[in-house]
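If you want the building blocks of each chain, they are given just below.
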Amino acid sequence: MTTHVRHLRGLTIATAITLLVALALVFFYVPFDANQGFIQKIFYIHVPLAIVSLVGYVLGGVFAVAYLRTGERAWDMRSYTAIHMALIFSVAGLVSGSIWAKGSWGHWWVWSEPTLVAYLIVILLYCTYQPLRFSIEDFERQSRYAAVFAIVCGAFVPINFMVVRLSVNYLHPHILNLEGGNLPGSMKLTFYTSLLAISLLYATLMKYEMAAKMTRIETRRLRRRLLGEDAMRPLGRSAAPQ
Amino acid sequence: MRTALTILRKDLLLELRTLEMLPAMAMLAVITFVIFHFGLSRDTLSGQLAAGELTVTLLFSAMLGINRLFVAEREQGGFDAFLLAPVDRSAMLLAKATALYIYLALLELVALPAFALFAAPPHMGSSLPALILFLALSNGAFAVIGTFVSAIAVHTRARDLIGPMIGLPLLLPALIATSLGIGPLLTVHASGSPSGKWLAVLALYDLFTALLAYAVFDFLLEE
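Those protein sequence lines, which keep their order, are chains C and H.
Residues in the first sequence are numbered from 1 upward in steps of one, following the working numbering.
Residues in the second sequence are numbered from 1 upward in steps of one, following the working numbering.
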């Protein structure tokens, strides 16, 4: 259990510092965008959130492969927390994207923006991850099926983005492309700092969730040893790995 | 291969004797066309509107079949028997996907004439070969994803809910490609030749789903 909390303090401090630096850069250092002004600054939060959440989904699939190969519960737990956190991040990404769209294009939702639509489809798909886990009673089967789901959907994420991108005839001009080709130096620095900060935040929150879940399992195991099997309330069905 | 054929024969025979699924799927398709007629309040449809009506109707009818695909296996112990037998597990995927493909093709035998009758899109006759080509490819994605989703959902408590919830987002790329590919075929100025782009997307998506399902399907059948 200690392995899960060992690096937690250092990681938390690093995350807090990077996040503060990133926010300071966003608000005090980087200049206003020539066309969009202040609203463009949401870019430094929204795009990292979106990137990190999508990477998180794929990561959940990679962990799921490791679970199916090794059969160790820890991998199932990692896969679960990766997807759980990615889901939270992507809801934040969707909301921030919607605000940006309203600010710069005048609409809360823009169907002709393929990235937005593909992102929504991915979120809708992953919203079924927890209901799926919850509706399978046998824990071993639950983990196995969730792993299969995570692998298939992790592979689906990039494919889905390609198909949705093909389906839109009229593309909004991409104000800032992600290769950084037309980003000025100050914006590039701010963007990458934000990306690092959000990635660290993702890793930290994931670690915390893992630590909390592992501690709960450990506590339960100790209580059972101390008080005997009869004193334990039977486990209810749960979406989280047990 | 022989195992797959045996399972397929068993499934088709079962369907032929009970007629549980196909009539319901066809009925749902026809009633959905009628519902669309009142929902859209149009006597004839063309272009993207017609394509959307057709693909969505086929999707919902397919969902009925997908939900029931493994029910007999679960309720009558077919899974246990299959796991006891010394055969390749992938045979189940192949057999079930083929069975679903055949059901979908039979469904379309009823749904397409009904669509031509109720929606009366222009140039239905001249673009029929291209239309069939699109449906043949989209049925592939429906069959594979449907089998995969059904195999997951049949072991869950809320079987009928989990299936469509996972299946619909996974089917969206195929749905987009089919609908946008069929749309131009049903316009007034249609040329009758299919768009290569969407055929390629559908074919690639079929391949992608088939490989993926083949890779993970074994894990769904362990006991």
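Hints listed in this document are in silico derivations from the structure and should not be mistaken for laboratory results.
It should be emphasised that the depicted structure is a prediction, and the values quoted were computed from it without experimental measurement.
Errors might be hidden in some of the hints.
On the chain H side, residues computed to face chain C include the following (Cβ under 8 Å) [what the hints assert, rightly or not]:
(1) 64
(2) 83
(3) 84
(4) 85
(5) 87
(6) 89
(7) 90
(8) 154
(9) 158
(10) 166
(11) 170
(12) 173
(13) 219
(14) 220
C-beta: ideal position from N, C-alpha, C; glycine also.
query = For this structure, which hints from the list above don't hold up?
reply = Of the numbered hints given earlier, those the structure breaks are 1, 2, 3, 4, 5, 6, 7 and 8, listed in rising order.
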